[in-house]
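Enquirer: Construct the complete structure from the given sequences, taking the supplied hints into account.
Protein chains: 2
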Amino acid sequence: MGTEKTMNPFGVELIRQIRALDQFGNWSKVSDEELLIKKYVKTKDELKSVPVIADIDEMMINDIKMIYKAIALSFERQTGVVCNVIMEMSHEGFGRCAVLTDRICIVDKYFKDAHRFSFRTLDALFDEGDKNLARAISIYEQYKPCTEQQG
Amino acid sequence: MGTEKTMNPFGVELIRQIRALDQFGNWSKVSDEELLIKKYVKTKDELKSVPVIADIDEMMINDIKMIYKAIALSFERQTGVVCNVIMEMSHEGFGRCAVLTDRICIVDKYFKDAHRFSFRTLDALFDEGDKNLARAISIYEQYKPCTEQQG
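Chains as they are written, first to last, in the working numbering: chain A, 1262 to 1412; chain B, 1262 to 1412.
Derived from the structure by calculation, the hints contain no laboratory data.
Here the structure is a predicted model, which means the values were calculated and not measured.
For each residue, glycine too, the CB sits at the ideal point set by N, CA and C.
Among the clues, some could well be false.
[To be verified] With a Cα cut of at most 30 Å, we get these calculated DSBU-like pairs of lysine-lysine: (1) A/1405 to B/1405; (2) A/1370 to B/1373; (3) B/1299 to A/1373.
[Unchecked claim] Across the chosen pairs, the derived CB separations fall in these ranges: (4) B/1352 to A/1343: 36 to 44 Å; (5) B/1280 to A/1371: 22 to 30 Å; (6) B/1320 to A/1280: 33 to 41 Å; (7) A/1270 to B/1318: 23 to 31 Å.
[As the list claims (entries may be wrong)] If you want a taste of the chain B side facing chain A, the calculated C-beta under 7 Å gives, among others: (8) 1311; (9) 1312; (10) 1349; (11) 1364; (12) 1368; (13) 1370; (14) 1371; (15) 1404; (16) 1407.
Expert: Have a look at this one:
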């Protein structure tokens, strides 16, 4: 738990989700940092061993979705506005993920070669979360005035 | 082609898509009306023969998605604004479909038991298209003022 100091709120949300879904305790003996590295960090050398064309498995799709769920949850925590994640992914690893509050799309991300989806460092993962969250909040602020009219 | 008189623009768009994707000409000898009925219309009696709990197949997911693609295309034709369909569907037939223009979610539809997804009459299908299209345009109009700010 000593590693949580370097984690940003997004990282904490992400690890909380992974732990919550770990119903058989597979990861119970792995530290938070190790677990995130295992799931999301690949060095350049490791990436070389991943084929360029390959099928993506359900587990990896879920792992990617969890990043956006964590962003959605962090957004909810900061703004009090409910949002949802919707993700479409072909088995070749082409897809799209959107986070929606009622009518506003606050995160919109396209994937190709999603089976190679990874970050070079843990900090890059955290930055991605922070960047998306900040952008989500600014988009929400921009569109919010329009939500207040009748729809 | 005599049937097209009763078809609304949404129906024309839908049939156009089905024909465009019919690369092996499976449906080339079936009339537009028959084809739409085959794909989307089930009478109450026919519906009784569909199991309540079942898996949904890829083809049916695509057929459902095509309805929303046709709505998206009709929207584009009317407003000149590009939009996209994103659909997530579990193999049990639970899912969600959203049509997005840049940041605005103009159609948001949830499914359960999607393997039973059907309309009682062809007119009900056309009404669904018209209703969604009208709602999409009104939502777009509502949120449009906010898109003009910088984002």
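Enquirer: Work down the list of hints and note, for each, if the structure agrees.
Expert: Status of each hint after checking the structure:
{"no.": "1", "hint": "A/1405 to B/1405", "result": "holds (12 Å)"}
{"no.": "2", "hint": "A/1370 to B/1373", "result": "holds (26 Å)"}
{"no.": "3", "hint": "B/1299 to A/1373", "result": "violated (35 Å)"}
{"no.": "4", "hint": "B/1352 to A/1343: 36 to 44 Å", "result": "violated (26 Å)"}
{"no.": "5", "hint": "B/1280 to A/1371: 22 to 30 Å", "result": "holds (28 Å)"}
{"no.": "6", "hint": "B/1320 to A/1280: 33 to 41 Å", "result": "holds (38 Å)"}
{"no.": "7", "hint": "A/1270 to B/1318: 23 to 31 Å", "result": "violated (41 Å)"}
{"no.": "8", "hint": "1311", "result": "violated (25 Å)"}
{"no.": "9", "hint": "1312", "result": "violated (24 Å)"}
{"no.": "10", "hint": "1349", "result": "holds (5 Å)"}
{"no.": "11", "hint": "1364", "result": "holds (5 Å)"}
{"no.": "12", "hint": "1368", "result": "violated (10 Å)"}
{"no.": "13", "hint": "1370", "result": "violated (11 Å)"}
{"no.": "14", "hint": "1371", "result": "violated (10 Å)"}
{"no.": "15", "hint": "1404", "result": "holds (4 Å)"}
{"no.": "16", "hint": "1407", "result": "holds (4 Å)"}
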